[in-house]
Structure formats: structure tokens, C-alpha cells
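The chain contents come next:
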Amino acid sequence: MQLLHISDTHLGKRQYGQDFREKDLYEVFNQLIEIAIKEHVNAVIHTGDLFDVNDPPNRAEYEAIKALKKLREHNIPFIVIAGDHDSPKRSSSLYPQRLLEEFNLIKFLYSDNIRYDVGDVHIYGISFVSNLAKLSLKQKLSSLKPEGKKSILLLHQGLKEILPYEGAWQIEIGDLPKDFSYYAVGHFHTRWKIKLDGGRILEIAGSPDIIREEEIEGYEKYGKGATLIDFSKESPEIQPINIEIRKQFVEEINTTKLDEEIRKISDKLRQIKEPKPILHIILKGVSLPKDYLNKKLESLKQFVSLVRVYKNETKNQQDKNIEIPNDTRIENLIIEYLVKIEGFSRDEAYVILDIIKHSEDKEYVKSQLRKMLGIENDHKEN
Amino acid sequence: MIIRKIELRDFLSHKESEIEFKGSINVIIGHNGAGKSSIIDGIMFGLFRDTLRGVRRQEDIIRRGASTGSIVLELYDKGKTYIIKRNLSNRTTEDTISEVEENSKRSTIARGATTVTEKITELLGLDKTTLESTVIIGQGKIESVFDDLPETIRKILKIDKIEELRDSRGPLKDIESEIEGDLKALDRVEEEKKKTEAEKREKEEEISKLKNELSEIERKKTEIEIRLKELTEKVNEEEEKEKKFIQIKSQINRLQGEIERLKNEINEEEEIRKKKKILEEEVKQLDQLRKNKENLIYLKGKIELKRNKEKILAIDSKSLAELKEKLRKKNENKTAYDEYLQISSKSNELKAKENQYNRVIAQIDSLNEQIQEIQTKIDYKVKEEDLTRLDQEINELTRKYEELQNKKDEINKQIGEYGGAKKELEKILANLDEVKGNRCPVCGRELDEAHKLQLKEEKRKQLADISEKLKQLYVSLNKINEEIDRVNKELDKKRKEKDIISKKLSENLSLRRQLDELNQKLKQLEEKKMELLKDHEEYEKLSKRLEELKPKYDEYLKYSDVDEKKIEELEKKIEETKKDINELSKEVGKYDYIDIDKEIQEIDSKIKDLEDKEAQLKSLESKLSLIEEKKRLLDRNIRELEDLIMTLGSLGFDEEEFKKLHQEKENVESIYTQLIAEERKIKGQLEILEGDIKDLEEKIIDYDNELKKRQKLRDAYHKVKKLRDALSEKRLQAYLMSTVKRIVENKLNEILSKFDLSFTMVEVNFNEKNGIYAYTQNGQKLHINMLSGGERVSIAIALRLALAKSLMNDLGFIILDEPTVNLDEYRKRELIDIIKSTTEVVSQIIVVTHDEELLQAGDYVLRVEKRGDSSKIIEEVSNIDQANI
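Residue numbers (the numbering used here), protein chains in the order written: chain A, 444 to 825; chain B, 14 to 898.
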């Protein structure tokens with residue numbers, strides 16, 4: 444008994460407004476379907492964001508139908524839940540999955556329809572529930588009890604342990620129902636897995652392509668693709684299967700040796716076969732006029748499909764010795780500059796910041812300055 | 014930081030609204046005026062006590078009809094909830110902000126409007142203007158961020174504030190000048206210190222010189238003190254002697270004076286005794302003179318008595334003669350008086366009868382008057398026959414009047430008849446003229462023209478006759494009418510005449526009756542008068558006699574008190590008075606003719622002269638006895654003087670010697686005093702000098718203390734200068750510009766990558782309005798204005814977020830007020846996509862809109878409706894979630 448877990452395919456997304464990126468995602472989806480067929484899996488499970496939006500371009504629907512038909516021909520069921528991206532916001536709209544379901548191309552778990560069995564494996568799924576209803580979601584999870592020994596729960600939610608930002612998560616691992624053997628989770632785009640007590644597994648397949656720059660690091664470490672779940676025994680075993688995707692690089696360029704650095708990157712990119720990669724540049728060193736820089740970067744374009752400046756960390760000539768602090772609030776920048784560049788003490792820097800804030804109150808400024816300079820007593824009488 | 018919840022009470026159009034922002038994209042939808050933008054105003058008010066739309070007046074913010082209102086705003090950040098309460102009242106603000114930790118521990122962290130706003134600014138990391146320039150986006154203002162960019166950046170970077178500090182008249186420059194001034198003052202202090210030290214040295218030298226002088230003076234002082242002691246003892250001895258010498262000398266002087274005076278006084282004795290003898294001789298006459306004077310005064314009294322008696326005698330003699338004349342007159346009238354009394358009593362008896370007589374006479378007079386009056390009233394000309402005559406005349410006139418009336422009626426009747434005939438004829442004639450056919454208008458017979466003319470002629474003749482007759486009749490009628498008028502008038506006159514005569518006749522009758530009655534009364538009274546006439550004549554006779562007697566009767570009564578006895582008494586008194594006068598004449602003698610007062614005056618003046626001399630005599634006698642006393646005193650004084658002269662000789666006091674000794678002592682003392690004065694002077698000078706030195710030393714210490722500050726001031730001066738340089742355009746400002754530019758650009762590009770734009774990079778120029786440039790994959794540099802609408806909106810929102818995020822690391826929300834205003838359908842779609850993508854950048858989006866299409870973007874929808882006067886919030890929950898759980 445084998446299952447293929449895929450997720451966050453975002454069909455229809457045109458990253459960077461580029462045609463080829465839309466095509467890339469259809470290509471990736473097809474690859475995953477091919478893998479399922481090749482591996483003779485008993486079913487494919489998809490944990491949400493099949494489409495990038497609730498009303499995807501018809502091209503996306505066409506590509507999905509074409510691929511899923513192949514799967515149906517091989518009698519491999521495609522079990523799917525909806526993610527935050529493809530869920531309708533209004534009750535008058537439909538899940539795009541409903542069309543596919545209508546053609547028997549997929550088994551869509553939503554509303555009361557939350558279970559589908561594949562052999563002795565009981566697959567439960569809850570489509571994405573927004574922050575608004577997270578309390579109800581927790582209640583539902585706590586009351587959810589799977590049948591049989593082999594059970595999988597499909598979810599597409601933010602987990603606090605992975606996305607600990609306000610509004611970004613709806614549940615914590617502790618909120619998951621205890622009795623499932625396997626928790627297949629979507630929404631987070633980088634591969635991740637954790638063994639819970641009792642041999643239970645929580646696994647995130649991640650997106651099969653690089654949807655955001657942050658995923659490049661994870662991609663380089665863990666690759667992108669699907670997860671093969673072997674449920675032959677009582678406890679499941681998993682194996683990641685990576686696919687070939689368009690490469691994306693983040694490269695640093697120090698502008699002080701611009702030509703040399705560009706040449707180095709060119710040499711590296713020259714080795715890459717089709718498709719041409721996407722290049723994200725981090726600029727370092729001294730800041731240069733953008734026109735000039737842009738002209739220089741043009742030479743890289745023969746090797747890439749898209750180049751963009753990801754981060755610009757160049758500095759002015761005189762500030763080159765100062766790092767941008769993590770806390771980029773203006774107050775902090777002023778303090779850092781006064782301390783590190785101008786050599787004021789930290790206490791003095793805070794006084795200076797205070798008088799900048801209150802510059803309109805001349806008397807206050809003067810009294811604070813006198814205190815800082817230690818000359819306050821001389822002028823008290825005045 | 015996200016906005017969890019807001020409660021609006023009596024705020025703008027909201028009476029009581031509670032809004033929880035549950036979703037990541039919260040859409041507040043409603044018609045214009047429903048109160049949806051008021052929710053954004055509420056958030057702004059909660060944060061900064063101001064509204065997005067700039068409504069600031071409390072009474073405008075408080076819902077109409079309410080007097081107070083409030084906002085409760087709940088923020089959430091990293092496990093902490095912040096509850097901001099702001100009240101609206103025209104009295105006091107009671108704003109607070111409380112922090113609630115995850116374990117529900119709650120504490121108030123600021124209180125008061127300004128403090129709360131400051132705390133919120135600190136928590137957000139953004140102030141109101143920055144928030145408005147970035148993540149709170151007003152209606153149709155998404156792209157205004159491009160235009161406002163340089164200004165927003167200057168504000169965010171506090172460039173203006175830094176420049177204000179650096180201003181050449183700003184506080185830094187002030188402090189710099191202040192320190193410069195202080196340092197210059199310290200240079201002057203140093204100079205002062207040097208001067209002071211020199212002064213101190215000079216004074217010290219002077220002190221050592223003075224001390225030497227002082228010890229020399231002390232040595233001299235000791236020598237002189239010894240000499241002075243010796244001299245003082247000697248002088249004291251001599252002074253004792255001198256005291257006694259002076260005492261005795263003064264006693265001698267006094268005695269010598271006394272003796273001299275006594276001797277002079279005793280020398281007067283002989284002369285006094287001579288004077289005494291003369292005076293004694295003269296004073297002997299005094300007693301005789303006094304006796305003479307008493308005798309004269311006695312005589313003077315007797316003379317006065319005699320004169321009085323003579324006056325009384327004269328008066329009494331005159332009275333006697335008068336009394337005798339009165340008595341004679343009294344006796345003369347005695348007979349008349351008696352007769353008067355007799356007649357008077359008879360007259361009184363007849364008085365009643367006389368009165369009755371007088372009354373009857375008065376009544377007769379009155380009756381005669383009445384009779385006279387009535388007789389004048391009676392009209393004797395009026396007679397009964399007149400009345401009969403008038404009645405006949407009236408009857409005649411009445412008959413005549415009736416006759417005339419009958420005649421008049423007859424004539425009127427004839428006039429009527431002829432008048433009718435005349436009208437008939439006129440009508441026939443008129444008809445004859447109008448007839449066109451040949452038919453008689455009267456009888457209807459056939460008519461020819463001749464016949465017609467004949468007929469006309471005939472009728473005209475008849476008409477003329479009748480008219481003539483009518484004329485005559487009218488003449489007769491007029492005459493008769495005149496006659497009737499005249500008769501009528503006559504009749505009227507006669508009737509009036511008859512009325513007057515009959516009235517007068519009845520009056521005469523009544524008057525005659527009254528006259529008879531009165532004559533009757535008069536007859537009775539005449540009879541009574543005759544009865545009383547005899548008594549009346551008697552009374553008249555008596556009265557006449559009384560009248561004749563009256564003067565004599567009165568004369569008698571006037572002297573009735575005079576009689577013979579009275580005369581006798583007076584004659585006796587006169588006799589006695591004459592006797593007294595004779596006796597007094599004998600006693601007075603010749604003095605009856607001499608001026609006795611003059612005699613008395615002469616004696617008085619002599620007595621007075623002698624009495625003065627008697628007093629002088631007495632004074633001389635007492636002087637003589639005093640002189641005897643003095644003679645004894647003189648002997649005693651002479652003996653005492655001799656004793657004193659003896660004592661003085663034994664004393665052995667030499668005045669010359671004593672003076673010399675004294676002079677020497679004074680000389681020595683003056684030298685000593687000089688020395689002491691000199692010593693004191695020097696000591697004083699020393700004391701001053703030492704005080705001066707102490708002051709100078711203190712001054713030097715003060716100067717030193719002040720000079721210690723110099724280094725500190727120099728350091729401060731350098732630091733202020735350094736600070737001013739550090740804050741300059743090329744230093745801190747440039748650093749902030751470039752650093753923030755990097756940060757903002759990075760964030761902008763990072764955010765834009767979420768919006769799926771295909772630019773290589775986007776560049777921001779802070780110093781330029783709309784200074785945003787995008788680089789395409791083809792290497793083209795495009796100004797923001799050359800980009801598509803969708804791209805511009807994306808960049809605008811991304812830039813706003815980038816600005817906010819670079820200032821506030823954990824920015825959690827963005828608020829859009831009516832973002833679709835002025836957008837066409839296509840761009841609306843793009844905006845919805847951008848809003849959706851924004852959830853990848855911030856966790857909370859609040860969109861206020863009237864546009865139903867935007868509902869596609871929201872995962873939490875609040876509908877705002879106006880119910881009556883206030884706004885109502887309705888939560889629209891999507892049933893998608895409900896279906897899934």
C-alpha cells in the first residue's frame with residue numbers, strides 16, 4: 444500500500460508576471476502525476492492549494508483536467524482538500540475542485556464529506572478553515588476519531604510551530620487529534636517532517652516548485668517534489684521523491700569588483716542546462732548608479748530566464764563600515780550611527796535622539812544638552 | 014501589531030457598535046453615508062485622538078443627540094493585548110491604555126490623552142502622519158505616496174527636526190555660544206586671579222613692616238608707664254592739700270564779704286531816727302479828724318428826711334382841694350337821681366304792653382303791602398264779553414274754510430276730467446301720424462287721406478279748447494289755495510288769542526278771592542291797635558322824662574364814693590407832716606444851706622494823707638530793730654575770720670609748685686596717649702590687611718574652582734561642535750538617507766516579488782517627487798508614470814508597506830478606505846489580486862468600500878447600514894468555513 448503526497452501546486456500562478464513561470468508549474472504538476480503512475484501508488488493525496496486562486500485561469504483548469512485524466516486511466520484516485528488560496532471567500536463562489544469532482548477526476552474532501560478509504564487506509568481530510576473559525580476547527584479536531592489502525596489526516600492550516608506569526612497560524616501540533624497514524628499537512632512550502640509520540644508522523648510535502656525566494660534555501664537542502672508513503676506495515680515509512688525544476692539561485696555581487704563577480708556568476712550559470720535558471724542577486728559593497736549596474740547585469744541575461752535584484756546591501760562610501768542593524772527603526776539607526784560612526788557614548792546618543800524628537804522645544808533641548816555636556820549647573824541661575 | 018477590535022459609542026454616526034476584525038482581509042461594506050469610514054476614523058481616534066478626515070471638534074465627533082462618547086480600541090502584538098480607551102466629553106479626557114498579558118494580567122500603562130498617544134506612537138514605531146503616509150490609505154490616495162515621497166521621507170527621517178537643531182539660531186548654536194561666552198569669562202577669571210595674587214604679596218610685605226614698628230612702640234610705652242606712676246602719686250598728694258586750701262580760701266572770702274555788707278547797713282541808723290520823730294508829730298491830729306467826719310455824715314441823713322416830708326405835704330394839700338369840689342357836685346344832683354329811679358320803675362311796668370302794640374303795627378304794615386301787590390297783579394282790562402266775541406269770529410272763519418275746500422275739490426275734479434280727454438286726443442293724433450295703411454286706428458274703419466286730414470283738424474281744435482279750459486281751471490285753483498292759506502292763518506291767530514284771554518280770566522278770579530281774605534285780617538288788627546293805644550301814649554311820655562334826667566343821674570353816680578369822713582382824715586395827716594418838718598429844721602440848722610458833701614470830701618483826703626505817714630513810721634521802727642540784730646552778727650563773723658586765717662597759714666600749700674608738677678604729669682601722659690594711639694592704629698591696619706589677605710585667598714580659591722571647569726567647558730564645546738557636524742547633511746542625514754533607502758528598496762523589492770511583477774529591480778529616489786524607477790528584464794529603465802495602472806498600484810502599496818515595515822519590523826495591518834474609487838473594472842480586478850497578495854506581507858488588511866465586487870477579496874465581511882440615525886454593523890460570515898467544520 445503506497446500513497447503519494449503532493450501539495451501546494453498553485454496551478455495558474457504567473458510568478459514575476461512571466462508566462463514561462465505559469466508553464467513551469469503545469470510541467471511540475473505533470474511530472475508529479477507521472478511519478479504516481481510510475482510508482483504504481485494506490486492513491487495520490489493533495490493537501491491544498493491545487494490552484495493558485497479560487498478562480499484560476501482556464502488554462503490552469505485545462506492542464507489539471509488533462510493530467511488528472513491520465514491518473515484516472517490508471518485507476519489512481521486523487522484525494523484532495525482545498526487550501527487557503529483556492530478556497531472561495533464568498534459562499535456564492537465555488538471551490539474550483541468541484542468541477543473536477545463533477546467529472547470524477549478527484550475525491551474532494553470538504554464540508555461533511557471528510558473521509559475516503561483506500562484499502563485499509565482511512566483517509567480523512569478537512570479543507571482549509573480560516574482564522575475566523577479556528578476555535579471551531581480545534582473543537583472539530585479534538586472530536587475527530589479515525590477508524591482502523593491505518594489512518595491519515597489531511598490538513599491545510601498554519602501550524603504555530605512552523606509559522607509563529609500573528610494571524611499566520613490556526614492550530615498547534617497539540618491541537619491535532621491523537622489517534623491518527625499519519626498527518627499530511629499542506630500550506631508550508633518547504634519539506635518538513637516530525638515524529639510524534641506513538642510513532643505518529645507529521646509530514647509536510649511542500650510545494651513542488653519554488654513559489655517564493657525564501658524556499659530556495661530549503662530547495663537546495665531538501666529538494667522539491669513529492670513524498671512517497673509506504674503504508675504496507677502498521678507504521679508508515681516515507682521517502683521523498685525529488686523532481687527536476689527550473690533552478691533558482693541567490694548570488695551575492697560585490698560592486699567593488701563588479702566585473703569579476705559577474706564573470707564568476709556567468710561561468711557558473713553557463714554550466715546550467717535548460718531551462719535557464721532564475722537569478723536573484725544580493726548586491727554588496729558600495730552603492731552604484733542603478734543605470735550603470737543594470738547595464739552591467741545585462742550580460743548575465745543570456746544565461747538566465749529572469750534576473751532580479753533580491754536585496755541591495757550596498758552602502759555609501761562613508762558608511763561602508765557600518766552594518767545595517769536588525770532593528771531598522773529610525774531611532775535605532777540614529778543611535779547606531781551616533782555611537783558607531785561618530786563615537787558618542789550610548790547614553791549620549793539617547794539624549795541626542797531625544798532632543799531630535801523634541802527639537803521644536805528649544806528650552807527643553809538646551810536643558811537636555813547641558814545635562815549631557817555636564818554644564819547644567821553653570822546656567823541654572825541664568 | 015494588528016487591530017483586534019473597536020467599540021464605538023456615540024461616535025460620529027455610531028450609537029453603539031462593536032467591530033471585531035476576525036479575518037486577514039476584513040471588508041467593511043456599506044452605502045455612502047452608512048458610517049463605514051467612521052470606523053476608520055474611530056481607529057485613528059483610538060490611536061491618535063484624531064480622525065482620518067480631519068474632524069477635530071469634539072461636538073462634531075460626538076453623535077448628534079448624545080453628550081459624550083467613547084472609543085475602545087484593542088490592539089494585539091506578540092502575545093500582548095493593548096486596550097486603548099478614549100472618551101469624548103466636553104469636560105475632561107480620561108484616556109488610558111492598558112496592557113493585557115497572555116495570562117490575563119492587566120495593567121494600565123499610560124493615562125491622559127497626550128501620554129496615551131505617545132505610548133501608542135512608541136508601540137507602533139510610527140506616528141500619526143507617518144501612518145497616514147503609509148499603511149492607512151485614504152480615499153483614492155493609494156498612489157499619493159509617490160508624490161509625497163520626499164516629504165514623507167524627510168518626516169520619517171526626522172530631517173527637518175535635525176535641521177531645526179542645527180539651525181544657526183537653533184539650540185546647538187545657542188549652547189555653543191553659551192560655552193564660548195563661559196570660556197571667555199574664564200580667561201578673565203585667570204587674569205583676575207593673577208592680579209589678586211600680586212595684591213596679596215604686597216599686603217604681606219606691608220604687614221611685616223608694621224609689626225616692626227609695633228614692637229618699638231611697645232618698648233617706649235613700658236618706660237613711660239614707670240615715670241607716669243611716680244608722678245601720679247605726687248600729684249595725688251598735692252591735690253589733697255589743694256582741695257583743703259581752696260575750701261578755706263573760699264570760706265574767708267565769704268566772711269569778708271558778709272562783714273562789709275553788715276557794716277554798710279548799720280551806718281543808716283541815725284538818719285532813720287530823725288525821720289521817725291517828724292512823722293510821730295504829724296500823726297497825732299488823725300483821731301480828731303475822724304470824729305468830725307462822723308458828725309457830718311449824721312447831719313446829712315436828717316436833711317434828706319426833711320426834704321421827703323416836704324414833698325408829701327404838697328401832694329396831700331392838692332388832693333384835699335379836689336375832694337372838696339367833688340362832694341359839692343354830688344350834693345347838687347341828688348334830687349334828679351331820686352326822680353329817675355321812680356320813673357324808671359313805672360316804665361318797666363308798661364314795657365310788655367308797648368311790645369304788643371309794636372307787633373300789631375308791624376303786622377298791619379305787612380298786610381297792606383300784600384294787598385297792594387295783589388291789586389297790581391289783577392288785569393282789569395280783560396272782560397267776559399271778549400271771549401264771546403272771539404268764539405263767534407272763529408265759527409265764522411271755520412265755516413269759510415270748509416266752503417273754500419269744497420270749491421277746490423270741484424276744480425280738481427274738472428282738471429282730472431279735462432286732463433284725461435286731452436291725453437286721449439294727443440294719443441289719437443300721434444296714431445294718425447304713424448298710420449301707414451288706410452285704416453282708422455280708433456275704429457278700424459277704412460280711411461282716405463282727406464278724411465284723415467279732416468279728422469286731424471277736428472281733433473286739434475278739440476285739444477286747443479280743452480287746453481284753454483285747463484289753463485283757466487289752474488288759475489282758479491291757485492286763487493282758492495291762496496284764500497285757504499289766508500283763512501287758515503287767521504283762524505290760527507284767533508284761537509291763540511282766545512287761549513290767552515281765558516287763561517287771564519281764571520287768574521283774576523283767584524286773585525280777587527285772596528284780596529278779600531287779607532282785608533278781613535286787616536280789619537281785626539286795626540281794632541286791636543285801638544285797644545293798646547292809651548298805654549302806648551303813657552309809655553312814650555315816661556321815656557321822654559327818663560331821657561331828660563339821664564345826665565344828672567349819671568353825674569351823681571360818678572361821685573357816689575366821695576364823703577365828709579374822707580376829707581377829715583386827709584386834713585389830719587397834713588397837720589402831722591407840718592409838725593415833723595418844723596422839728597427837723599431846728600436840728601439841721603445852718604447845714605440846711607451849705608454843701609455838706611464837699612466838707613466830708615475835704616476831711617477824707619486829710620485822713621488818707623495821715624494814714625500813709627502812720628505806715629511809714631511803722632516800717633522805720635522795724636528797720637531799727639533789724640539793725641540791732643546785725644550788729645550782733647558782725648561781731649561773731651569777725652571772730653570766725655580770725656580763726657580761719659590761722660588754719661590756712663598752718664597748711665603749707667605752694668600753688669606754683671603744684672602747677673609745675675601738674676604740667677609735668679600732663680606732658681608725660683600726652684606722650685603715652687600718643688603711643689597708644691599709634692599702637693592702635695598699627696594694630697587696626699594689621700587687622701585690615703590680614704582680613705584683606707584672607708579675602709584674597711578666598712578669591713583665589715574661588716578662581717581656582719572656576720578654572721577647574723575650564724577643561725569641562727572645553728570638552729563640552731568640542732562635543733557640541735562635533736554634534737552639530739555629526740547631524741549635518743553630509744553625515745547623519747546622508748547616512749539615514751542612504752541606509753533607509755537601502756532598507757526601503759530591499760523591502761520594496763521583496764514585497765514586489767510577492768506581487769508577481771517582472772522587474773529586475775525597482776529604484777527609489779528619496780529626493781524626487783514620483784522618484785520611482787523600474788528596471789525591466791530588457792534592461793529598460795521606466796519611470797513610474799510609464800508603468801501600467803496595475804503595476805503602479807502594486808508599487809504604491811508595496812512602497813507604503815516597505816516604508817512602514819522599515820520603521821516597524823512587525824507591522825501587521827494596512828487600512829484602505831474606498832480603494833476602488835475611480836478605478837475601472839479591469840483595474841479593480843488587479844487591485845483585488847494585489848490586496849490578496851498583500852496577505853503574504855501583512856497579516857491584517859482592513860478595506861472600507863461601497864463596492865460589492867471587493868467582497869471577493871475579503872474573508873471576513875462586515876456590512877454597515879444606516880438604521881434611522883445610527884449605523885448598524887452586521888457580520889456576514891462565509892459559510893465555507895462553517896461547512897468545513
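Possibly wrong hints are sitting among the right ones.
To be verified - List of simulated lysine-lysine pairs, DSS-like, C-alpha gap at most 27 Å: (1) B:725 with A:805; (2) A:603 with B:197; (3) A:805 with B:197.
These are calculated hints, taken from the structure and not from any lab test.
Just so you know, these numbers come straight off a predicted model, no measurement behind them.
Taking the numbered hints from earlier one at a time, note which ones the structure violates and give those numbers from smallest to largest.
Going through the list in order, the structure violates hint 2 alone and respects the others.
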